[in-house]
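Heads up: the protein sequence lines correspond to chains Z and X, in order. Numbering-wise, the numbering used here puts 339 at position 339 of the first sequence, and it's gapless, one number per residue. Numbering-wise, the numbering used here puts 69 at position 69 of the second sequence, and it's gapless, one number per residue.
Hints should not be assumed to be uniformly reliable.
Derived DEER-like restraints, expressed as beta-carbon distance ranges [to be verified]:
hint	chain 1	residue 1	chain 2	residue 2	range
1	X	Asn72	Z	Arg3	49 to 55 Å
2	X	Thr21	Z	Gly318	42 to 48 Å
3	Z	Ile12	X	Ser33	41 to 47 Å
4	Z	Glu305	X	Lys121	28 to 34 Å
5	X	Met164	Z	Lys275	56 to 62 Å
6	X	Val18	Z	Pro260	58 to 64 Å
Chain X stretches covered by chain Z per the calculated footprint, using a threshold of three residues with CB under 8 Å from any CB of chain Z [said to hold, decoys possible]:
hint	stretch
7	58-70
8	137-149
One-sided and incomplete, this derived list gives chain X residues near chain Z with beta-carbon spacing under 8 Å [to be verified]:
hint	residue
9	Gln39
10	Ala43
11	Val126
12	Gly127
13	Thr129
14	Gly131
15	Val154
16	Thr156
17	His159
Derived by calculation from the structure, the hints in this document are not laboratory data. Each residue gets a CB set at the ideal place from its N, CA and C atoms; glycine is no exception.
Here are the chains, one letter per residue:
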Amino acid sequence: MERKIILENIEIDGIRLLEVYRENGGYKSIEKALKTMTPDEVVAEVKTSGLRGRGGAGFPTGMKWSFIDKKSGNPRYLVCNADESEPGTFKDRYLLEHIPHRLIEGMICSAYALGANKAYIYVRGEFKSIIGILNEALKECYKAGLLGKNILGSGYDLDLHVHTGAGAYICGEETALLESLEGKRGNPRLKPPFPAIKGLYGCPTVVNNVETLANIGWIVNNSGEEYAKIGIGRSTGTKLISACGNINNPGVYEIELGLPVEEFIYSDKYCGGVKGGKELKAVIPGGSSVPILPKNLILNTLAGEKRLMSYESLSEGGFITGSMLGSGGFIVYDEDACIVRNTYNFSRFYHHESCGQCSPCREGTSWLESVLHRIENGQGKMKDIDLLVSIASKIEGNTICPLGDAAAWPVAAAVRHFRSEFEFHVLHPEIVKNVKHGSLEKYLEIPVLTAE
Amino acid sequence: MNEKLFKYKLYVKNNNDVSFTPETLAKIQTIISHYPDGQHKSALIPILHIAQEELGGSLNVDIMDYVAGLLNITPIEVYEVATFYSQFYIDPVGKYVIEVCQTGPCAICGGEDIMNYLEEKLKIKVGETTGDKLFSLKAVECLGACGSAPVMQVNTEFHEFLDMQKIDEIIAKLRNESELTKPEELTWKERLS
Numbered sequence: 001m002e003r004k005i006i007l008e009n010i011e012i013d014g015i016r017l018l019e020v021y022r023e024n025g026g027y028k029s030i031e032k033a034l035k036t037m038t039p040d041e042v043v044a045e046v047k048t049s050g051l052r053g054r055g056g057a058g059f060p061t062g063m064k065w066s067f068i069d070k071k072s073g074n075p076r077y078l079v080c081n082a083d084e085s086e087p088g089t090f091k092d093r094y095l096l097e098h099i100p101h102r103l104i105e106g107m108i109c110s111a112y113a114l115g116a117n118k119a120y121i122y123v124r125g126e127f128k129s130i131i132g133i134l135n136e137a138l139k140e141c142y143k144a145g146l147l148g149k150n151i152l153g154s155g156y157d158l159d160l161h162v163h164t165g166a167g168a169y170i171c172g173e174e175t176a177l178l179e180s181l182e183g184k185r186g187n188p189r190l191k192p193p194f195p196a197i198k199g200l201y202g203c204p205t206v207v208n209n210v211e212t213l214a215n216i217g218w219i220v221n222n223s224g225e226e227y228a229k230i231g232i233g234r235s236t237g238t239k240l241i242s243a244c245g246n247i248n249n250p251g252v253y254e255i256e257l258g259l260p261v262e263e264f265i266y267s268d269k270y271c272g273g274v275k276g277g278k279e280l281k282a283v284i285p286g287g288s289s290v291p292i293l294p295k296n297l298i299l300n301t302l303a304g305e306k307r308l309m310s311y312e313s314l315s316e317g318g319f320i321t322g323s324m325l326g327s328g329g330f331i332v333y334d335e336d337a338c339i340v341r342n343t344y345n346f347s348r349f350y351h352h353e354s355c356g357q358c359s360p361c362r363e364g365t366s367w368l369e370s371v372l373h374r375i376e377n378g379q380g381k382m383k384d385i386d387l388l389v390s391i392a393s394k395i396e397g398n399t400i401c402p403l404g405d406a407a408a409w410p411v412a413a414a415v416r417h418f419r420s421e422f423e424f425h426v427l428h429p430e431i432v433k434n435v436k437h438g439s440l441e442k443y444l445e446i447p448v449l450t451a452e
Numbered sequence: 001m002n003e004k005l006f007k008y009k010l011y012v013k014n015n016n017d018v019s020f021t022p023e024t025l026a027k028i029q030t031i032i033s034h035y036p037d038g039q040h041k042s043a044l045i046p047i048l049h050i051a052q053e054e055l056g057g058s059l060n061v062d063i064m065d066y067v068a069g070l071l072n073i074t075p076i077e078v079y080e081v082a083t084f085y086s087q088f089y090i091d092p093v094g095k096y097v098i099e100v101c102q103t104g105p106c107a108i109c110g111g112e113d114i115m116n117y118l119e120e121k122l123k124i125k126v127g128e129t130t131g132d133k134l135f136s137l138k139a140v141e142c143l144g145a146c147g148s149a150p151v152m153q154v155n156t157e158f159h160e161f162l163d164m165q166k167i168d169e170i171i172a173k174l175r176n177e178s179e180l181t182k183p184e185e186l187t188w189k190e191r192l193s
């Protein structure tokens, strides 16, 4: 069954405008939350809903909210993380571009629940048009009395503003985002103290992803219990999946968690199969940071069960045979994709985006990039492959923020599942020097390596 | 001091007069008012966006010192931010900065070919500016539009589903538009407040 929560009514003309959005049931949750519920009741509903953070880590939102320090008496802040920069992920951009009021509605309810009177939406600098759209939407809300002093006569005040970044992937990490919001370099902070205790300007702060906050309006309207009925097990609700790569219908899809991966890839309602009728080779299911899985492991778990689109099912088997749902950036590779070149590409990305604060990440990402560059360009040695695994294992877990892990996991997974391809690059330098794309075996007259 | 030693010519101050128009200054005050009292430094990144756009397309020491004065912070606080974020340019750039996404999802859909074609067409290498100061070509990481790969942005306007023909059209259009005084798009100033 198709369930729409976040993208409900998205097909209606002009839904970007406040008037149209309200005609279609928008902002009802504000009335309900501000006038009939206490902040703690809103938090309780979100806890019951089982909603988990949609930015990648999947931490339960209600629990995150309950950590906020209410005793200190410092002002509290709500910050929306719209610094969407994970390669393969573009769901928030779609949401903000088409239905910005869904986020604002969710943010007003959430800020009320947290007792915050100031909230910010941190948008990445590249989304210049989104910043314009959001500011227009905010202006409409101020005019209609949905923001500002004494919202809808409830006595609750909220100021909501847009803040812009300027092109740094690391600012998607919550403490780096707060640093950036304070007008500094985006260097992540040591945790603890967590932002819920000491966040923006040293005050208690909650940072949530756009999609997470966009769910809150629905939960307030329909109760957390109803929300928990959608989805599967501890993966409740729906999820936006941004599908890209070698598929027929790239785009953003809202799916109910628990949809089989096979159906998502091959159904015409979603990805519509691999482009050009080619064979599926591999999938990165949750943005470039999560481990890549070959065809057999993405469609079925090692135990032979059907792999589902849910937090639990995708991570079944740990990192040895599983992956993560992550941010929902679903990248599909066809049979002609070169995994080594792709891994090199992502390593270059992480090297470029490392903030340089922790040595394992600063030096390690540079090593990963240069070793992979060597292999990709036909100058690699066999021991380089083990060197990659060794570097990755020394970055992982040894850095302040998860960017180090994000750089290490894809490399380790690529070597784990596609070692023969790396070996092929080492054994056939004359081929890899001249051919940049695709499966290279076809350039051989006699196959040297058997497929795994 | 040897200029060549510095990747960014941060230490070269020309003592040129830079200043915003009164209208821009008013906008900047609005932006500062979005942040709590005493936290005006938060407005730094938005103001640098406006400065870069209004004061010649890139930042230099004169501009950064001026912004530091506006916000009453030390110049080094501006330099460290301006050099950290990839959207701020310390070296002069052309009127149109073309940034082509090179990350995974774009790369498997032909992002690298797009870059090669642009290099060939504009007769410059990545990181360079054309002789007429019209185009700068840059390679950037993920622009967050992987579903419409390959993607590039020209002065933060996105161009998606690129192919050779589309690039020809975009470049031709920009060459014509460059005779106009102002491209028909919203500025940072308009969008930020």
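Do the hints match the structure? See the list:
1. X:Asn72 / Z:Arg3: 49 to 55 Å: 52 Å, holds
2. X:Thr21 / Z:Gly318: 42 to 48 Å: 59 Å, violated
3. Z:Ile12 / X:Ser33: 41 to 47 Å: This hint is violated: roughly 35 Å between Cβ atoms.
4. Z:Glu305 / X:Lys121: 28 to 34 Å: 51 Å, violated
5. X:Met164 / Z:Lys275: 56 to 62 Å: 19 Å, violated
6. X:Val18 / Z:Pro260: 58 to 64 Å: 59 Å, holds
7. 58-70: This one is violated; 0 residues, fewer than the three required, reach chain Z with a Cβ under 8 Å.
8. 137-149: Per the Cβ count (10), the hint holds.
9. Gln39: Status holds, d = 6 Å.
10. Ala43: Result: holds, 7 Å to nearest chain Z Cβ.
11. Val126: Violated - the Cβ of Val126 of chain X stays beyond 8 Å from chain Z, reaching only about 13 Å at its closest.
12. Gly127: 14 Å, violated
13. Thr129: 19 Å, violated
14. Gly131: 27 Å, violated
15. Val154: 11 Å, violated
16. Thr156: At 4 Å from the nearest chain Z Cβ, Thr156 of chain X passes the 8 Å test, so the hint holds.
17. His159: This hint is violated: His159 of chain X lies away from chain Z, its Cβ roughly 12 Å from the closest one there, beyond 8 Å.
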